[in-house]
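Colleague: Work out the full structure: start from the sequences and follow the hints.
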Amino acid sequence: MIKIANAQLWVHDQDEALAFYTQKLGMEVQVDATLPEMGDFRWLTVAPAGQPDVAIVLMAIPGPPVMDAETAEQVRTLVAKGFAGTVFLTTDDCQASYEELRSRGVEFTEAPEDRPYGIDSGFRDPSGNSIRLTQVRELSPA
Amino acid sequence: MAFAPPARHLLRAKDLADARYFDALTVTDLARAAGLSQAHFSREFRRAFGETPHAYLLTRRLERAAALLRNTDRSVLEICLAVGLQSVGSFTTTFTRVYGMSPTAYRATFPPAAQHALVPACVIRAYGRPQHRTFREDSVPAGT
Chain A
176 MIKIANAQLW VHDQDEALAF YTQKLGMEVQ VDATLPEMGD FRWLTVAPAG
226 QPDVAIVLMA IPGPPVMDAE TAEQVRTLVA KGFAGTVFLT TDDCQASYEE
276 LRSRGVEFTE APEDRPYGID SGFRDPSGNS IRLTQVRELS PA
Chain B
41 MAFAPPARHL LRAKDLADAR YFDALTVTDL ARAAGLSQAH FSREFRRAFG
91 ETPHAYLLTR RLERAAALLR NTDRSVLEIC LAVGLQSVGS FTTTFTRVYG
141 MSPTAYRATF PPAAQHALVP ACVIRAYGRP QHRTFREDSV PAGT
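Sequence order for the protein chains is A and B. Numbering of the first sequence is given in this note's numbering, commencing with residue 176 and proceeding in unit increments. Numbering of the second sequence is given in this note's numbering, commencing with residue 41 and proceeding in unit increments.
For the record, the hints were derived by calculation from the structure and aren't laboratory data. All residues carry an ideal CB built from backbone N, CA and C; glycine is no exception. Hints should not be assumed to be uniformly reliable.
Stated by the list, open to error - So, partial list: chain B residues that the calculated Cβ filter (under 10 Å) puts toward chain A:
(1) Ala44
(2) Pro46
(3) Val128
(4) Ser130
(5) Leu158
(6) Val159
(7) Ile164
Stated by the list, open to error - Some chain B residues flagged as far from chain A (calculated, every beta-carbon gap over 12 Å):
(8) His49
(9) Leu76
(10) Ala79
(11) Ser82
(12) Asn111
(13) Leu117
(14) Leu125
Modeller: Pasting the structure below:
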């Protein structure tokens, strides 16, 4: 059986991302390991409290020799332009989560709105990655 | 605050257009959100996203208007005001130019489509926004 374990996001600054995903979104650190023998590479993953089998890898954009300087700059810019991907989160109560996150300083780009598939809202992480927060509607069997 | 590439500030302005298109938002407001002077902002925005902030804001409003035409029975005037545009005359003219038919004809062509219902709203917004087309009647001074 194949399952989703981790999915990776590029971030501009791992400490800034860590503070955002833990203090503002309320996620927990799963792994925070720095490897001196690999140029201080830092494997940093966060996951929602109560969902330990899925995590987001907050990956710093590397320099050479992993990524040449020009590519790294392109990735940095793509993230900053908001075109590096989206994380889709779900919640039992979109309005309540929206108010809770806003009170912790999350700036929403879309307040909760009713959609055919549920109540949907959106915000960005500090780097520019798009994050959706959706209360999915139970679909009645066709 | 950690280092952020300049494009991150431009994205704030783009997000503001997406979030508050229904207000009397102008390019000046977008420039302020990016923390740049208006002329510099318009140039940088175009360099980053391939179109002027004026065109982006206008096509966002048209995309939202088209969605309201498809999904509601509100009048053309109501929809014009609901997407932050003031003049129903210029709304109809611009809409017709961009979509190739009047708002009323557009509504008749695209009845609500059930198969769209489960696609996330962020996808609809991104993929439903029309390509801007300009004619001389709404050409604007550089930097707006």
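Colleague: Output the indices of the hints that this structure fails to meet, ascending.
Modeller: Violated hints (numbers, rising): 3, 4, 8, 12; every other hint is consistent with the structure.
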